[in-house]
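S.K.: If you want the building blocks of each chain, they are given just below.
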Amino acid sequence: MTTELQRSPNRRPLQISQLGLHLLIAFLLLLSLVPTAIMINLSFKNGLQYRWERWTLSLPLRGSNYLSAWDVIDAYMINTVLVAVVGLAGVLILSLIGGYVFARMRFPLREPLYYAIIALLMVPWVLSFIPAYMLYNNLGLLNTRWALIIPNVAGGPIFGIFLMRAFITGIPEELYESARCDGAGAWSLIWRITFPLSLPGLATLSVLNFVAEWNSFLWPLVTISDMSKQVISVGLFRLSRTTNDLVDFGSGGPLFAGYVLASIPLVVLFIVLGKFYVEGLVESGIKM
Amino acid sequence: MSSAQSTQTDSAAGGRRFWRRRTEATPLSWRAFRRSWQAYALLSPIFILLIIFVYYPPILGLVRAFFRWRPGVPATFVGLDNFVTYFTYAETPHELVNIVKLLIFGLFAGIVMPFIMAELIFFVRSAALKELYRLLVIIPMLVPGIVTVLLWQKLYDPYLGPINDLLRAMGLEHLALNWLGEHRIAIYAIMFVGFPWVWGVGTLIYLGGLGQISDSVYEAAALDGCTGVGRVLRIDIPLVLGQVRLLAILAIINAITAFQNILVLTDGGPGFSTMVPGLTMFHSAFRAQKFGYSSAIGLLLFIIAMSGTLIINRGIRPANEELRQ
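Which chain is which? The protein sequence lines are A and B, in order. Sequential numbering of the first sequence, starting at 1, is according to full-length UniProt numbering. Sequential numbering of the second sequence, starting at 1, is according to full-length UniProt numbering.
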């Protein structure tokens, strides 16, 4: 290992073991990427191509599939973005405030209150799914966008406070002291000092939350019956059920184009927020 | 992961300090509370939302598991009837066998495969290629979860799917099955979704853990002639046990509680061959309107998942943290 570290890998001839390693990784990655590649390939096919040339690249590419797909799923996409962004704004504000209070303020019952929040991370969703449905039913919130926004705003800060508290604890105390000397209150300490310095933490939290909302399926499936308010996952599920590509080959291409369109927000988020996206994914694993 | 652990220990210490303070003096005086009104005011919106929408539902579920409960009808107490009904239901043993199968497979796909992939990438010497491979591992995760499942449904399609097209092209017509429509095969077809299970959060979590192992540990190991597979077994695995534990807990909770893929791919069919308790919970609530019965199944799943989590937490002890950077 030491000798390997000392020599530059570029000057060293590629060892057989390294070559085998690359081949094995490439093979596993290829298999992992096959469904994605098939999705993109099929999204450009017209009816005849879909019938006869499904697994090869065939020209001309039918870009208009994307227009037909957008016409069907545009409302679902816009609904999901709307619900996710409104919910996210609430989650970020509450997580920042909560994180600040638990990291920087000293008050009686601080630790028990913090644990009362963190303990909720241990409650799996199966226990609350059914009764939560009844609660939203009793409150008359079923089939409204509130049924999608409120669970996020209420539940999102649980992990958000955990994440932001750890992050805000790392901000140097001197910054707060000098601001306090200038007579800043809690509110301006949060917005003038904590907020700008905790943007990386908020970015990670945003990705985590947005991806979770974009993927949410079972809850909107049961709470939203009006398809004009429905979100993208359920929209695509219903679309896949009503599309019969075995009879109408022309409907196959647009269906897959819809799948690609539904992935675009996540791709854009990944391109814009790269490092935070990966952190968000890893944190979401820890969050469960 | 390590940062999460350190915060936990910090706050645990804070907790001890709090209790000691309480016994020493009287900081819980009315004056102390009044001086801290700002903190409570800032926390109040968070707690109001939590109490109504996060604390209340699971507590309601715990209680209503012992009731006959449906919308618009007053709930009536039935004792343990819901649990008895579930355990005497003819399909229940079959459902439990299915979650055992899903659990064993889930531990393999969730712990072993991502570890192999992470080690392979970790052994790559070129930094640029390492980055590229990590990027390619992320790409399948940029597709929404439901789309991945719907794509696999298309891959399994008996008439238009590539799996059967490939088998037919190879002259293996007799192996071209209706993967999701055959009693004995459907559950395995559901497990196979996501093959080869190396993309996903697991690989990233392991890569993070391996990256934290200090170089000096590897140098010392190399001097002792411990390289390659020997190093993986004697150094890497003990030092990523924290990650193994996390992924084991995730795999257990997922195998026991998740039913989204099954709902989409087979809806429990053909027949009852791919039914799991979670799906029965879902169906009995939203098709049969038996919300009390459904809550009881939810409670059972919670207890099983929680026991699994506790066993793993006790069973896997991560190695010494000092060997990390």
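By construction, these hints were calculated from the structure, which means they are not laboratory data. Hints are supplied without guarantee of correctness; some may be wrong.
Said to hold, decoys possible - Per the computed footprint, the stretches of chain B lying under chain A, defined by three or more beta-carbons under 8 Å from a beta-carbon of chain A, are:
1) 123 to 132
2) 196 to 205
3) 247 to 260
Said to hold, decoys possible - Some chain A residues judged to face chain B by a derived CB distance under 8 Å, without partners named:
4) L33
5) T36
6) I40
7) I117
8) L121
9) V153
10) T223
11) S233
We put the CB at the ideal spot given by N, CA and C, even for glycine.
S.K.: Against this structure, judge whether each hint is valid.
M.R.: Status of each hint after checking the structure:
1. Counting residues of the segment 123 to 132 of chain B whose beta carbon lies closer than 8 Å to any beta carbon of chain A gives 5, which meets the minimum of three for the stated coverage.
2. Remark: the segment 196 to 205 of chain B is confirmed as covered by chain A, as 7 of its residues place a Cβ nearer than 8 Å to a Cβ of that chain, reaching the required three.
3. Coverage of a stretch by a chain is defined here by at least three residues with a beta carbon nearer than 8 Å to that chain's beta carbons; for the segment 247 to 260 of chain B and chain A the count is 6, and the condition holds.
4. The interface hint given for A/L33 holds, since its Cβ lies 6 Å from the closest Cβ of chain B, which is under the 8 Å cut-off.
5. Hint on A/T36 holds. Least Cβ distance to chain B is approximately 6 Å, under the 8 Å limit.
6. Interface hint status for A/I40: violated, as the beta-carbon distance to the closest one in chain B is roughly 10 Å, over 8 Å.
7. Given the 8 Å rule on beta carbons, the hint for A/I117 holds: about 7 Å separates it from the nearest Cβ of chain B.
8. With a cut of 8 Å, the hint placing A/L121 at the interface with chain B is violated, because the nearest CB-to-CB distance is about 11 Å.
9. The criterion of a C-beta within 8 Å of any C-beta in chain B is met by A/V153, whose closest approach is roughly 6 Å, and the hint holds.
10. Residue-level restraint check for A/T223 is violated (minimum Cβ-Cβ distance to chain B is 10 Å; threshold 8 Å).
11. Hint on A/S233 holds. Least Cβ distance to chain B is approximately 4 Å, under the 8 Å limit.
Violated hints, in rising order: 6, 8 and 10; the structure is consistent with all others.
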